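*Asks:* Each chain, written out:
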Amino acid sequence: MDILYFAWVRERIGLPREQFETQAATVMELVQELRAREDRYAVAFSDLSALRVAVDQKLVDFDASLADAREVAFFPPMTGG
Amino acid sequence: MRVAVQEAPFDLGQESIDFARGRHEMGAIVTFTGLVRDSPEDPLQAMEIEHYPGMTEAALADIAEQAIARFDLGDALVIHRFGRLEPGALIMMVATAARHRGNAFEGAEFLMDYLKSRAPFWKREISANGAEWVAARDADEDALKRW
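Residue numbers (this note's numbering), protein chains in the order written: chain A, 2 to 82; chain B, 223 to 369.
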């Protein structure tokens, strides 16, 4: 699975994207796996209310399923316009 | 409908003229333009805009399609830049065409409200004090509730 990070999430984790093998069934399970990897992930994912997530480029909630997902992106609330 | 996500500047006048041309069944066109705002207390050197290629275009097209259907628009245009922008630079524009001005105004407001909180752009302000990501405002999220 491709995992993408944007804005300060990218800066905190230190890379824009990575490949990650996972059996996680939901976004939340994936977050738990990432948090357990290293401190920089634990810090980036410490407050989920400050984060948004997209699965295959569609905004979803953290309890969303990852069945058939190819790409998951984590980022702060958007500030376009 | 046209959606453009680009690093290059755009010509507001030309885009507005092109959008208005040949619309014999429309009575109203509304355009909105967003600029890089400077701050007197902490002068801005530049604004950097990051986005999520692929999702950005799809999200903007989805928002524009919703606006067209909901406000019976004849057409809609969204142009949004990314990369490094100087104070005063044009960041983005939307234009809506409708038979009557009420729908054109409402369609443009709807587009802007959704674009601010649902299109994957992130702004960072760079000044002599350093670089800081612009925080989303609760008011922007609340603005969606009126629709």
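Just so you know, these hints were derived from the structure itself, not from any lab.
Bear in mind that the values here come from a model prediction, so they are computed numbers and not experimental data.
Watch out, some of these pointers could steer you wrong.
To be verified - List time: in silico DMTMM-like cross-link candidates among lysine to aspartate or glutamate, alpha-carbon distance up to 20 Å:
no.: 1; chain 1: A; residue 1: K59; chain 2: A; residue 2: E72
no.: 2; chain 1: B; residue 1: K367; chain 2: B; residue 2: E331
no.: 3; chain 1: A; residue 1: K59; chain 2: B; residue 2: D284
no.: 4; chain 1: A; residue 1: K59; chain 2: B; residue 2: E270
no.: 5; chain 1: B; residue 1: K367; chain 2: B; residue 2: D335
no.: 6; chain 1: B; residue 1: K367; chain 2: B; residue 2: E308
no.: 7; chain 1: A; residue 1: K59; chain 2: A; residue 2: E19
no.: 8; chain 1: A; residue 1: K59; chain 2: B; residue 2: E272
no.: 9; chain 1: A; residue 1: K59; chain 2: A; residue 2: D69
no.: 10; chain 1: A; residue 1: K59; chain 2: B; residue 2: D335
no.: 11; chain 1: A; residue 1: K59; chain 2: A; residue 2: D3
no.: 12; chain 1: A; residue 1: K59; chain 2: A; residue 2: E30
no.: 13; chain 1: B; residue 1: K367; chain 2: A; residue 2: D62
no.: 14; chain 1: A; residue 1: K59; chain 2: B; residue 2: E363
no.: 15; chain 1: A; residue 1: K59; chain 2: B; residue 2: E287
no.: 16; chain 1: B; residue 1: K367; chain 2: B; residue 2: D284
no.: 17; chain 1: B; residue 1: K367; chain 2: B; residue 2: E272
*Asks:* Next, verify each hint and record whether it holds.
*Replies:* Do the hints match the structure? See the list:
For the hint pairing K59 (chain A) with E72 (chain A), the CA-to-CA distance comes to about 10 Å; that is within 20 Å, so the pair holds. Restraint check for K367 (chain B) and E331 (chain B): the C-alpha separation of about 13 Å stays at or below 20 Å, so the hint holds. Only pairs whose Cα atoms come within 20 Å are accepted, and K59 (chain A) paired with D284 (chain B) is accepted, the gap being roughly 11 Å. Annotation: proposed proximity of K59 (chain A) to E270 (chain B) is violated, straight-line Cα distance about 24 Å (limit 20 Å).
Restraint check: the Cα-Cα separation between K367 (chain B) and D335 (chain B) comes to about 10 Å, which is no more than 20 Å; the hinted pair holds. Distance restraint check for K367 (chain B) and E308 (chain B): the Cα-Cα separation of roughly 33 Å exceeds the 20 Å cut-off, and the hinted pair is therefore not satisfied. A hinted pair counts as satisfied when its Cα atoms are at most 20 Å apart, and K59 (chain A) with E19 (chain A) qualifies at roughly 19 Å. Distance hint between K59 (chain A) and E272 (chain B) is fulfilled; the C-alpha atoms sit about 17 Å from each other, no more than 20 Å.
Among the hinted pairs, K59 (chain A) with D69 (chain A) is consistent with the structure: their alpha-carbon atoms are about 14 Å apart, no more than 20 Å. Between the alpha carbons of K59 (chain A) and D335 (chain B) the distance comes to roughly 18 Å, so the proposed pair stays at or under 20 Å and holds. Proximity of K59 (chain A) to D3 (chain A) is assessed by CA-CA distance (about 14 Å); at most 20 Å being required, the pair is judged to hold. Distance restraint check for K59 (chain A) and E30 (chain A): the Cα-Cα separation of roughly 18 Å lies within the 20 Å cut-off, and the hinted pair is therefore satisfied.
Only pairs whose Cα atoms come within 20 Å are accepted, and K367 (chain B) paired with D62 (chain A) is accepted, the gap being roughly 18 Å. A C-alpha spacing of about 18 Å is found between K59 (chain A) and E363 (chain B), which places the hinted pair at or below 20 Å, so the restraint holds. In summary, the hint linking K59 (chain A) to E287 (chain B) is supported, as the alpha carbons are separated by about 16 Å, within the 20 Å threshold. A threshold of 20 Å between alpha carbons decides the hint, and for K367 (chain B) with D284 (chain B) the separation of about 18 Å falls inside it, so the pair holds.
Restraint check: the Cα-Cα separation between K367 (chain B) and E272 (chain B) comes to about 26 Å, which exceeds 20 Å; the hinted pair is violated.
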